[in-house]
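Residue numbers (our numbering), protein chains in the order written: chain A, 1063 to 1342; chain B, 1063 to 1342; chain C, 1063 to 1342; chain D, 1063 to 1342.
For the record, the hints were derived by calculation from the structure and aren't laboratory data. Careful: at least some of the hints might be erroneous.
If several chains are the same, the list does not tell them apart, and a pair holds so long as it fits within one copy or across any two.
To be verified - Straight-line C-alpha distance at most 20 Å; calculated EDC-like pairs for lysine to aspartate or glutamate: (1) Lys1316 - Glu1207; (2) Lys1145 - Glu1244; (3) Lys1145 - Asp1174; (4) Lys1075 - Asp1187; (5) Lys1117 - Glu1147; (6) Lys1230 - Asp1167.
These figures come from a predicted structure and were not determined experimentally.
Residue strings, one per chain:
There are 4 protein chains.
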Amino acid sequence: MEEGGTRNREEGKMKETTIVVYERPDIYDPIFIEGLPGIGLVGKLAAEHLIQELKAKKFAELYSPHFMHQVLIRKNSVVELMKNEFYYWKSPDDEHRDLIIVTGDTQVPPTDSYGHFEVAGKMLDFVQEFGTREIITMGGYQVPEIQGEPRVLAAVTHEDLIEYYKSKLEGCSVEVIWREDEGGAIVGAAGLLLGIGKLRGMFGISLLGESLGYIVDAKAAKAVLSAVTKILGLEIDMTALDERAKETEEILRKVEEMQRAMMEQVTPKLPHEEEDRGYL
Amino acid sequence: MEEGGTRNREEGKMKETTIVVYERPDIYDPIFIEGLPGIGLVGKLAAEHLIQELKAKKFAELYSPHFMHQVLIRKNSVVELMKNEFYYWKSPDDEHRDLIIVTGDTQVPPTDSYGHFEVAGKMLDFVQEFGTREIITMGGYQVPEIQGEPRVLAAVTHEDLIEYYKSKLEGCSVEVIWREDEGGAIVGAAGLLLGIGKLRGMFGISLLGESLGYIVDAKAAKAVLSAVTKILGLEIDMTALDERAKETEEILRKVEEMQRAMMEQVTPKLPHEEEDRGYL
Amino acid sequence: MEEGGTRNREEGKMKETTIVVYERPDIYDPIFIEGLPGIGLVGKLAAEHLIQELKAKKFAELYSPHFMHQVLIRKNSVVELMKNEFYYWKSPDDEHRDLIIVTGDTQVPPTDSYGHFEVAGKMLDFVQEFGTREIITMGGYQVPEIQGEPRVLAAVTHEDLIEYYKSKLEGCSVEVIWREDEGGAIVGAAGLLLGIGKLRGMFGISLLGESLGYIVDAKAAKAVLSAVTKILGLEIDMTALDERAKETEEILRKVEEMQRAMMEQVTPKLPHEEEDRGYL
Amino acid sequence: MEEGGTRNREEGKMKETTIVVYERPDIYDPIFIEGLPGIGLVGKLAAEHLIQELKAKKFAELYSPHFMHQVLIRKNSVVELMKNEFYYWKSPDDEHRDLIIVTGDTQVPPTDSYGHFEVAGKMLDFVQEFGTREIITMGGYQVPEIQGEPRVLAAVTHEDLIEYYKSKLEGCSVEVIWREDEGGAIVGAAGLLLGIGKLRGMFGISLLGESLGYIVDAKAAKAVLSAVTKILGLEIDMTALDERAKETEEILRKVEEMQRAMMEQVTPKLPHEEEDRGYL
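Pulled out of the complex, with its shape left as it was, chain A reads as follows (with noise of 0.2 Å):
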C-alpha cells in the first residue's frame, strides 16, 4: 500500500508520534500483538508471518520524530520515513478473536527513554479505540547457549493470568517457562506495552524465545508464534518462517553495510583523516 488515503496536513506535521489511518475496520475486542524489532529479529518475523499466513490488512501507520532522522530506501529506488505498521484480522467466527498486529522497521533507539514511552503510549491510544484490552508482546531473550530446541519466556501482567494463560497453552509444541528472575527485565515496547497497559486497565501476557542473537532467528520466531498462535487457538502454516529468514538475512547484511556509511553523511572531514582511515 503506498499513498491512498487521505493525505492532510496534520499529520505531515510530525511534532509527535503520528498515525495515519488508512481504514476503520469493523473488529471489535480485538487482541493487540506486537513484534517490532529486537534481539534476533524474534518478534518482528512472528509477526511478519503471523500477518502473512492470516492475511491480515494493513490499515495505519506510525510515523515519529523519535525515530532515527533518516529515510530508508524501499523497492524501486522509492524512499519513506522508517514507520510502524498496524495490520487487523477480522475472526471469521465466534471461536476467534479479532486481532489487530503491529511490527515495521525500528524502534526509538535506546538512549532516548521518553520517546520509547511517547510511542508506546500513542499505539495504546489507537488500539483502545477499537476497544483492546488484551496485549501479547513478542521477542527474542538472549541466551549463551540453546540446548535443543529454544523455550519461550512467559511474564503477565496480573497474577491472576498465569493460570489462564496456561490453560490455553496447554499441549503447545513448545516448551513454556513462567519467569523466576525477580529483577529482571523487558527493553523496549515488549514490556513497555505492558506496563503502561497495565496502568489503563489492559492485561496481556510477554512471549519472548530464547536466542543466541543471530541477525534472524526463525527458530525462536517459530517457537514464540507456535505459544501465542496456542493462546489464540489458531493453527498457523510454519513452512515459510524458515524462507522468511534466509532472505530477511541478506538484506539486513547489506543494511549494516550501509547505515556504517550513512552514519557520517553529515559530518565533513580533513584529508589527514581520511588517510588514517585508509579503506572504508
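Knowing the structure of chain A, use the given hints to seat chains B, C and D on it.
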C-alpha cells in the same frame, strides 16, 4: 498491593511523571523522608527498613517516562513499570510527627538532568498536598576507606537549622559530621528535593552515610537510620536490617547479569559479531 | 545581507526553530532545492554554486535552538548564530520553474533526532507557504573508491516519478544510477525533507554524488548539480565550482582547529590535566 | 543573601529556567555584562572582581532544570541548587552607564544545546525588562602558549560597532585583537547572548582573554577586565584579583575530587567491581 484503587486512562497517559494515588491518608504536617536507590543502596535500605518496622502503609505510586524504558519482572512472573512508592505513617501521639516515606526501583538515569528535576518537582507537588514542610533525605557518601563505624554527613537547607538538628541528634549512637566541603555536591533526589524544596519555602536535612560503594551497605544504612530516627524521636529495631541486606545483594547480582542481556534486546547483530563475542 | 528587514522580539524568542523573513517574493509553485552541509559538503557546494550562477536572492534565514549552542565568527570580527539561508529565483519565462534554494552553516547534530524532524518540518511549513509541491535534495554518498567520474545516485518519493525524472535526465552529462539498495538509508535533511514531505502530499527526488568524504568534493558537487540543472532545464557555468571548493577547504581547516579549542570553552581544568595534555 | 524576598510556589515549579527576583532596581538602559564559568574561569573571575570593586548589589537569581541535577554545599553545611546571580550597579553620574552583571556556579552542560538556548533566552528576557540594549560578554580563549601578557580577542554583533569600541578602547593597557578567524566559534553564553540578542535588536561585544586553560587564570581575567573597564570608562583596582584566584583554585581542586565520587552516587556496584577499582 497490586491493582487496587481506581485506574483511569489519565494515569496511563504517561506524558509526564505520574502519581497514582490509592488512598488519601488522614495525616497532617508530615515529615517527608526520601530513600531512593543510590550509592550502596544506603537510602533505599534505610527507607525500606523504616517502613517495615513502622508498618507504614503504601498509598501512592510514581511512574515516569524519564525512567528507563523497561518493565521489571516482579514475583510470580508479573511485569511492572519501574516505580517509586509512597508510604505513610500516622503518629499515635502528639509527640511524634506523621511521616511520608518514599523509596522505589530507580532514580532517573544520570544523562537526563531535566528528568531528574521533573520527578523531584512532581514529588514535592504531591507531598505538599499533605502539608509537608520538612524534608529528610538519606543516601550514601562514597569514601575509599572507613575506619571503625561509618559516620553520617549532614547538610541543611538553612544555616539556622544546624542548631535545631544538633539538639535533636544529641545522644545519637552514630557520629554525625556537619559538611564543610564547600563546593561539594549531592547528586540526584537526595540533593534536588532539598534544593527545589528550598525554593518553595520548605526546609530540611540530608544525611549520607559513609560507604565503600558495595552493592548493599547495611552498615551505612543503619548509621543513617540511627540518625534519622534520633531526629524523629523513634526507637527502631535494627536487627532485620542486616538480614535484608543479604537478600537484596543476592537479587541484585542476578539483576545485573540479566541487565547485561536486556541492554541489547532491541539491537540486531550480524553472525560475525556473535563470533567475536563468544560466550555471552 | 546583515540586519535589514523587521526585527521583532518574537523572532528572538528561539524557543523553537525560527524563520526570519526579509521579503515575500512573488513566486509560485516553486521547486524546493536543498543543499545543506554533509558528506564532502557536496550539497552545500552545489547549492552555493547554483545560487551564485542564477544570482538567486536571499529572502529568509532559519535559526534553531537545536543547532550547536555557539556563534560563528563571520567576516570582519562579526558574530552570528549558526543559520540556514533561503534564496529564491524567479524564472524569466514559462518554460522554467521558480526555485527556492536552501543552504547554510549546519544541520542539527546527529544526537538530536527530534531536532532534525523539527527543523525539517519548519522548512516544509515555510516553503509550503509559497505553494511548493516538488522537492530536490542534494548531497554526498560515501564510497571507498571512485573509478573515473563520480556517479549520481537517485531515489524518489513515489515509484511513478522514476519515468518522469528519467525523461528529464535524458542526455545528462553524468551517469545517474537508480538506487536498488533496499534497506539503505539517507540520513538528515536530504532524506527527511522527502520523507516528511511525502506525508504532506509533496513529492521529489534525492540526488547524491559519489564521494570519498574529503572535506570539500567539488567533483561530486558538479556531478550532482549537472543532474539537477538537467532536470530543471537550466544551463549553468561550472568553472567557478572548482575555485569555490579550494576556498572552502582552506576555511574549514581553520575551523576544525578552532573547534577543538572551542569545544572545551566551558569546562575548567586542573593544572595536572594541563601537564598531561602538553601542547594543545 | 539567603532567603530574603518573596518565595512563592511558582518559582519552585522548575519546569523551565526560573529567575527569582529580590528587588526591582531603579536603573535604566543598563549595559549587560556576562561572566559565567568557562575556560580558565576567566569570565567568572572578571565578573566577581568587578562586582566586588563596584560593590554591585545582587537583585536576582537564575535556576534551571537544564543545570546539573545536584545541589552544591555552600558555607556552613548549607545546600543549594546551582544558580546564576544578577547584580546591578547604579551609576553615580551621567558619564557612566548603569550595569547589570551576571555570574554564577555553572553553564548548561555541553550535551544540552536546547538548554543553552533556553537559559540565554530567559536571561535576555529578564535584562530586557530593564531596557538593556548593549551586551558585553567575557571569557577565556584557549591557546597552547602565551608570550608575555595575554591579549584580548574581540568580536562584535555588527560591523559598524568596531570603530565605536576601538575608540572606547583607545589607550587601553592591554592589547585587543579584532578576530579574523572566519568560521571560528564562541561556544556557550558568551556567544549565544550576543547571537540571540542580535535577533532581538540588541548589540554588543565579546572579549575573550588568551588562556592556557588552567583552572583559574587571573592574568587573563585581569586583561579582559582591563578592556571592559576601559570601555565602561571606569577605574578598577586589580590587586584583589590575584588573591581571589588563589582561593578559587583551592576550592575547585576539592570540588573536582568530590565530583568524581558524586558522579557515581546513583549507581550500585557489585563487590567484584569494587575490587577492580581498588583505592577510589
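Using 20 Å as the alpha carbon limit, work out where Lys1316 and Glu1207 are close: within a copy, between copies, both or neither.
-> The answer is between: 18 Å across copies meets 20 Å, while 27 Å in one copy does not.
Up to 20 Å CA-CA - Asp1187 versus Lys1075, copy category | both (19 Å within a copy, 8 Å between copies)
Tell me, please, which holds for Lys1230 and Asp1167 at an alpha-carbon limit of 20 Å: within, between, both or neither?
-> Close neither inside one copy (31 Å) nor across copies (33 Å); limit 20 Å.
Which holds for Lys1117 with Glu1147 at a C-alpha limit of 20 Å: within a copy, between copies, both or neither?
-> within (14 Å within a copy, 45 Å between copies)
Have a look at Lys1145 and Glu1244 and pick one of within, between, both or neither, based on CA distance no larger than 20 Å.
-> between (33 Å within a copy, 15 Å between copies)
Should Lys1145 paired with Asp1174 be assigned to within, between, both, or neither, using CA atoms and 20 Å as the limit?
-> Both. Shortest intra-copy (17 Å) and inter-copy (18 Å) distances satisfy the 20 Å Cα cut-off.
Hint check: a violation occurs at hint 6 only; the rest are consistent with the structure.
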